[in-house]
Amino acid sequence: MKSLVTVFGAAAITLASANAALSARTDLVIGVVLEPPHLDPTAGAAGAIDEILYANVFEGLTRIGPNGEVLPGLAESWEVSEDGKVYTFKLRAGVKFHDGTTFDAEDVKFSLDRARAEDSVNAQKVLFSAIDTVEVVDPLTVKVTLKRPQGSFLYNMGWGDAVIVAPESAETNKEKPVGTGPFRFDRWARGASVTLVRNPDYWGEPAALEKAEFRFVPDAAAAVPALLSGDVQAFPNFPASDALEQIKADPRFAVVIGSTEGETILAMNNAKAPFDNLKVRQAISHAIDREEIILGASNGLGQPIGSHFSPANEAYEDLTGLYPHDAEKAKQLLAEAGLADGFSATIKLPPTTYARVGGEIVTSQLAEVDIKLEIIPMEWAQWLEQVFTNKDFDLTIISHTEPNDIDIYGRDGYYFGYNNPEFKTVMAELDATVDPEKRNELYRKAQRIIAEDAVNAFLFQLPKVGVWDAKLVGMWENSPIQANDLTKVRWTD
Amino acid sequence: MASYVTKRLSIGLVTLLLASVVVFAVLEILPGDPARIMLGMNASPETVATLRQEMGLDQPAPLRYLDWLGGLVTGDLGRSYTYSTPVIELVRERLAVSLPLALISLFLSTAVAIPVGVFAASRSGKLSDTIAMGTAQIGIALPNFWLALLLVYVFAVGLQWLPSGGFPGWSNPLQAIKALILPAISLALPQAAILARVTRSAMIETLGEDFIRTARAKGLPRRKVLWRHALRNAMIPVLTILGLQFSFLLAGTIIIENVFYLPGLGRLIFQAINQRDLIVVEGVVILLVASVILINLVVDICYALVDPRLRTGR
Chain B
106 MKSLVTVFGA
116 AAITLASANA
126 ALSARTDLVI
136 GVVLEPPHLD
146 PTAGAAGAID
156 EILYANVFEG
166 LTRIGPNGEV
176 LPGLAESWEV
186 SEDGKVYTFK
196 LRAGVKFHDG
206 TTFDAEDVKF
216 SLDRARAEDS
226 VNAQKVLFSA
236 IDTVEVVDPL
246 TVKVTLKRPQ
256 GSFLYNMGWG
266 DAVIVAPESA
276 ETNKEKPVGT
286 GPFRFDRWAR
296 GASVTLVRNP
306 DYWGEPAALE
316 KAEFRFVPDA
326 AAAVPALLSG
336 DVQAFPNFPA
346 SDALEQIKAD
356 PRFAVVIGST
366 EGETILAMNN
376 AKAPFDNLKV
386 RQAISHAIDR
396 EEIILGASNG
406 LGQPIGSHFS
416 PANEAYEDLT
426 GLYPHDAEKA
436 KQLLAEAGLA
446 DGFSATIKLP
456 PTTYARVGGE
466 IVTSQLAEVD
476 IKLEIIPMEW
486 AQWLEQVFTN
496 KDFDLTIISH
506 TEPNDIDIYG
516 RDGYYFGYNN
526 PEFKTVMAEL
536 DATVDPEKRN
546 ELYRKAQRII
556 AEDAVNAFLF
566 QLPKVGVWDA
576 KLVGMWENSP
586 IQANDLTKVR
596 WTD
Chain G
150 MASYVTKRLS
160 IGLVTLLLAS
170 VVVFAVLEIL
180 PGDPARIMLG
190 MNASPETVAT
200 LRQEMGLDQP
210 APLRYLDWLG
220 GLVTGDLGRS
230 YTYSTPVIEL
240 VRERLAVSLP
250 LALISLFLST
260 AVAIPVGVFA
270 ASRSGKLSDT
280 IAMGTAQIGI
290 ALPNFWLALL
300 LVYVFAVGLQ
310 WLPSGGFPGW
320 SNPLQAIKAL
330 ILPAISLALP
340 QAAILARVTR
350 SAMIETLGED
360 FIRTARAKGL
370 PRRKVLWRHA
380 LRNAMIPVLT
390 ILGLQFSFLL
400 AGTIIIENVF
410 YLPGLGRLIF
420 QAINQRDLIV
430 VEGVVILLVA
440 SVILINLVVD
450 ICYALVDPRL
460 RTGR
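Residue numbers (the numbering used here), protein chains in the order written: chain B, 106 to 598; chain G, 150 to 463.
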């Protein structure tokens, strides 16, 4: 009799949990501001592509986890040779692309060779620059030989631009992406939404959501009613930060402030007078008041930074105290530079809110030390051409959203015109170092060099403002890469 | 009548050719490289050059213009740089939203404006006229995006009768129509306000004419005179405004499409300009120019229908 009760009890519990599983929602509408131009992460820089497809549809050899850590992806393990030049990846068995073709070492070779080919239009071709050869050892083993040791190689392989594609579908991924991930591409209603559905044949733990629709909501004013009416249940990057207080007060929603990889800087043209003078750059760094800028340009949510490095990274060093806000000191430095009466310059601003608002605040702060700025607002295309490509600018405000991108300070011909052999040596050393502790030490050294050189005025880390239904769990708090990984997202009751 | 139409048609074609030169030249001057926009800040100049070549942007401008014009003549608008899809296909998708939206708005605004205008004219100077025209004045002053947000908060957030935005596609016609109701109202009301005022003033002018007095004198009922005789003669300015409004509704809905995040033609142009997808901008603009010319042609023919004097060119 007792055992009978147990059996019934167990059956009841099973039924109850089955019911709970049935009643929980399995569909989700996610609001995103920008529509991707196409759906191939290996053929464009637009963050909007990765925001939909990375980790959901496409996977790489490695993957970047919620805190920026490197995790196994399609490679379940790897070995690195003594000299740090040979990486042998052991691939997962039984993985299939969404079109039914089998994933194996040939696909890895194809993807990596395609990305680094002469005629490749991969936006992050530099990620593959260290690769010398890619060899197929057996169907589940790939050997990648590098020209030189590269400490960031495993991290690089986790980028959206390094995902593995199949030769059969590579050419059509822009329209109809075919990957190996837990979600399959279902449809793209251009201008309106991209819909993904669960991949029942996924090699790993299947996703809890059956259907995920990314809906394009370009207008900040439209995002609030979309959320309040329940039409959209999650905004990983909520565009209407003015309305945040109202939403915080509403128990139906969770507001989660995290960090991004976006270092927001007041960039200076180091190749052009008077910004080629260290004292002038230091003066500007002293003249600005970060707190005020953060309050105005990011609703007080951004974290202050003193160098070009994310505070979320374990190698981060707090250098915000190096040039404290001090107008007198700034004036004195300007006088030492022979500019006691100040000077005039322009500040070119891209269309984002942080740049436009930040630019106005910076202009008023610099006016206090007799640096008179003329604000020139421009749209994104113009900014890319004039400032970034032609280097025709004095000052600008921009957020560098690529993860771990301090190496841009070592690039020749980069737009802010910094050239320091010492920094380049550190970058070369970093490239050749695999040991995590030593790498962190080098990262700290690099941060110090550019902070002391006051290459740019470092303002704040762009916050990630996530707003979603309070019953939703598994959304990422931070964005170590531009992605909305939905693999662990589910509804609770 | 035939020669009238032929004349109008050839003027239209010349306008179209001139417009194609202007559109191409203006976009040529616009700063910004589509290849750099696609590849972003981390791509090397070599990669950008490769993509430019792939897009055919390394060719000289006059050559690209002739190429494009040749395509236009054969009905080929080229391929979008960013979407790598034929432009005509993109336009077709967007017209499935913009055209119904424009037609519904036009219908709504006409259905409201003309009766109100006629009514106000017939009671010119009385209190009801003042109230009607005062309301219309507010309607003109009201920015349509503000009206749109107000409607969204009332009908989508508050009452939850209609969606707050987005477009589900025509596979579900009921949902599709529901998605277009609020945008159509937001577009129609300000237009209706203008149209009502034009109708009223045209009617008042016509009602003062001799033939109206004659019609009344021979014993026709007031209502009949108003709707049959006066309205038909007051139609010319009304048709002019309607023609202008339709062009506006087709192309000028960028703001409303943004507020309701509808995938219409306005959004397509806006996105294409931002991404410097020039071939899309060129294609859409030239199609819009063509449609404006066509609408004007239709309006001209309508003039001729309502006013026989125009047919013979007297």
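Don't take every hint at face value.
As the list claims (entries may be wrong) - Here are the simulated lysine to any residue pairs, SDA-like style, with alpha carbons at most 25 Å apart:
#, chain 1, residue 1, chain 2, residue 2
1, B, Lys281, G, Asn321
2, B, Lys279, G, Ala453
3, B, Lys190, B, His203
Unchecked claim - A partial selection of chain G residues facing chain B, derived with a Cβ cut-off under 10 Å:
#, residue
4, Val170
5, Gly189
6, Phe316
7, Leu417
8, Gln424
The hints are simulated quantities; they were obtained by calculation from the structure and are not laboratory data.
Glycine included, every Cβ here is placed at the ideal spot set by N, Cα and C.
Let me know if the C-beta of Gln424/G comes in closer than 10 Å to any C-beta of chain B, holds or violated. holds (6 Å)
Run the distance test for Lys279/B versus Ala453/G: straight-line Cα separation, threshold 25 Å. violated (51 Å)
Restraint check, 10 Å cut-off on beta carbons, for Val170/G near chain B: violated (23 Å)
Can the restraint linking Lys281/B and Asn321/G be considered satisfied, given a maximum Cα separation of 25 Å? Between Lys281/B and Asn321/G the Cα gap is close to 23 Å, so the pair holds against 25 Å.
Hinted contact Leu417/G with chain B - closest CB pair below 10 Å: Cβ of Leu417/G sits 7 Å from chain B, so the hint holds.
Tell me if Phe316/G is really an interface residue toward chain B, meaning its C-beta lies closer than 10 Å to one of theirs. holds (5 Å)
When the nearest CB of chain B is found for Gly189/G, is that gap smaller than 10 Å? holds (3 Å)
Lys190/B paired with His203/B [C-alpha distance capped at 25 Å]: With Cα atoms ~33 Å apart, Lys190/B and His203/B exceed 25 Å; violated.
Consistency note: the structure conflicts with the earlier hints numbered 2, 3 and 4.
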